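*Asks:* Please arrange chain E on chain Y, whose structure you already have, making use of the hints.
In the order they appear, the protein sequences are chains Y and E.
Under this note's numbering, think of the first position of the first sequence as 1, with each following residue one higher.
Under this note's numbering, think of the first position of the second sequence as 1001, with each following residue one higher.
If you are wondering where the hints come from, they were derived from the structure by calculation, not from laboratory data.
Remember, it's a predicted structure, so these values are computed and weren't measured experimentally.
Treat the hints with caution; some may be incorrect.
Claimed, not checked - Looking from chain Y toward chain E, a few residues come up when the C-beta cut is under 7 Å (computed):
#1 Asp4
#2 Pro6
#3 Phe7
#4 Thr8
#5 Glu10
#6 Pro14
#7 Ala65
#8 Gly66
#9 Glu67
#10 Glu96
#11 Thr97
#12 Ala98
#13 Ala120
#14 Arg128
#15 Val132
As the list claims (entries may be wrong) - Every beta carbon over 10 Å from chain Y, so not counted as near; a handful from chain E, in silico:
#16 Gly1015
#17 His1024
#18 Ile1025
#19 Val1056
#20 Glu1067
#21 Gly1078
#22 Gln1107
#23 Asp1118
#24 Asp1146
#25 His1160
#26 Asp1178
#27 Gly1179
To be verified - A few chain Y residues facing chain E, derived, Cβ under 7 Å:
#28 Phe9
#29 Ser30
#30 Leu68
Every residue gets a Cβ at the ideal spot worked out from N, C-alpha and C, and that includes glycine.
Number of protein chains: 2
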Amino acid sequence: MMTDRPFTFELNAPGFVPSRYDNHIRRTISSMRGQYHDTAAYEAMAAEGDALLYEVYELARPHEAGELLHGISIVHPGRVGDEYYMTKGHFHTVLETAEIYVCLSGQGMMVMETPEGDWAVEALVAGRVLYVPPCWAHRSVNTGDDDLITFFAYPGHAGHDYGTIEQQGFRKLIVARDGRPEIVDNPRWGEKIMRNDE
Amino acid sequence: MMTDRPFTFELNAPGFVPSRYDNHIRRTISSMRGQYHDTAAYEAMAAEGDALLYEVYELARPHEAGELLHGISIVHPGRVGDEYYMTKGHFHTVLETAEIYVCLSGQGMMVMETPEGDWAVEALVAGRVLYVPPCWAHRSVNTGDDDLITFFAYPGHAGHDYGTIEQQGFRKLIVARDGRPEIVDNPRWGEKIMRNDE
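Excised from the complex, chain Y in its bound form (with noise of 0.2 Å):
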C-alpha cells in the first residue's frame, strides 16, 4: 500500500533486510541461465538445486519522473566456474536516466557500459558512493566472502531493460584468477560484435 506521507525504515536490522519493503525478489540459478560464461559449471550447478545468488528489497513508488525507486540489493558469495555470483544487469529503459548506490557492506565491483562501447568497472567497498551517470548499463558483482550489500536510488520513470544485457552479457567479466578478481574481456560479447559486422 503506497503511501502519499513521509515514511522511513532501517538499514541496520540483521543481515540488512529493511524494516519496511513491499517487494521481495529472489534471483536463483535457474534464472540466470546463459548469463555466466562457464556454461558447463553452470549446468552442474544447476542440476544441483536452484541456490539463490542474490536478493533485492524494494519500496514500491509510483514510476514517476518525480519519484525516487529505492532498496537493498543484497548479491551473496559464491561463483559459478570462476566467475563471481551477480546480478543479471541492465540498461534503463528510459536510456537517459541516472542510478545512484551506496555500498553498506561486503566487497564487489560494479560492471557498467554504454550502447556506444564504453565500459567502466568500479570497487565496492562499504561506506562508497557509486553514481551511474543516464546511459550506462550496470551490473553488482560479489568477489568478497561475504554478502554485497548496496542501498539503490534511480528516477520512478527509468524502467528497467534486461534484453539488451541478456543477448550478450556486459563487455567484461569479472572472474577469479589465482583468488583474486580480474577484469576481463567476454568471448560472447566479441562474437555478437563479430556478427554484427558481417
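*Replies:* Showing chain E alone in chain Y's frame:
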C-alpha cells in the same frame, strides 16, 4: 568539471566530508535572519559572530529529470534560544519531486509539510532511510550533541524554492523543553494564516 563517466566517493572520511565534491555551501547565522522564533536570542548570537550552523557538500550534475543531485548535509549541534540548529528548509521548485535521505550519524528530526497544510516530523538516527514524497517541504533539525550527518539524493530537475518557507517558516518548530526536543506550533505560521483568512 562534470563527467559523463561513472564516479565514486567515500563517506567514511573524518567528519564525513566526502572524498569528492563540487560545491561546499556554508550557512552561518547571518543567513538565517528571521528563521528562528526567538528573535532576541538570534540577535544576541549574531552580535557575537557569524557562527556556522550547517554545511552541504554537493556533487554537480546536470539539472535534468534523469539525473540525481546528491551530497552530504552536516548540521552542527546547538540552539538559538530554545530552538535547535536547522537548515533553511525548502519546497522543490518542481513541486512533484521527492527526496531521499540516509542518516549516517547523529540525531535529529526532519520537519515536513505540504502546501495543503498537512505536516509530519520523522526522527533521524544513523542507519535510517527517510523518503520525502513529492510536494513535501523539508527541513533537517539537529536535536543531538554531535553533528547530524545525512546523505541525500533528489531528481535533477527539482530545483529549490526557499522563499515560501522564509516567509512564514514551517507549521511546527523543534524546541528544547527540559533538555529534550519537543514539537510545538510555530506562532508566526499561524499569524500569517490568520492574515490570509481575513
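*Asks:* Which of the numbered hints are not met once you compare them with the structure shown?
*Replies:* As far as the earlier hints go, 6, 20, 23, 29 are violated by this structure, in ascending order.
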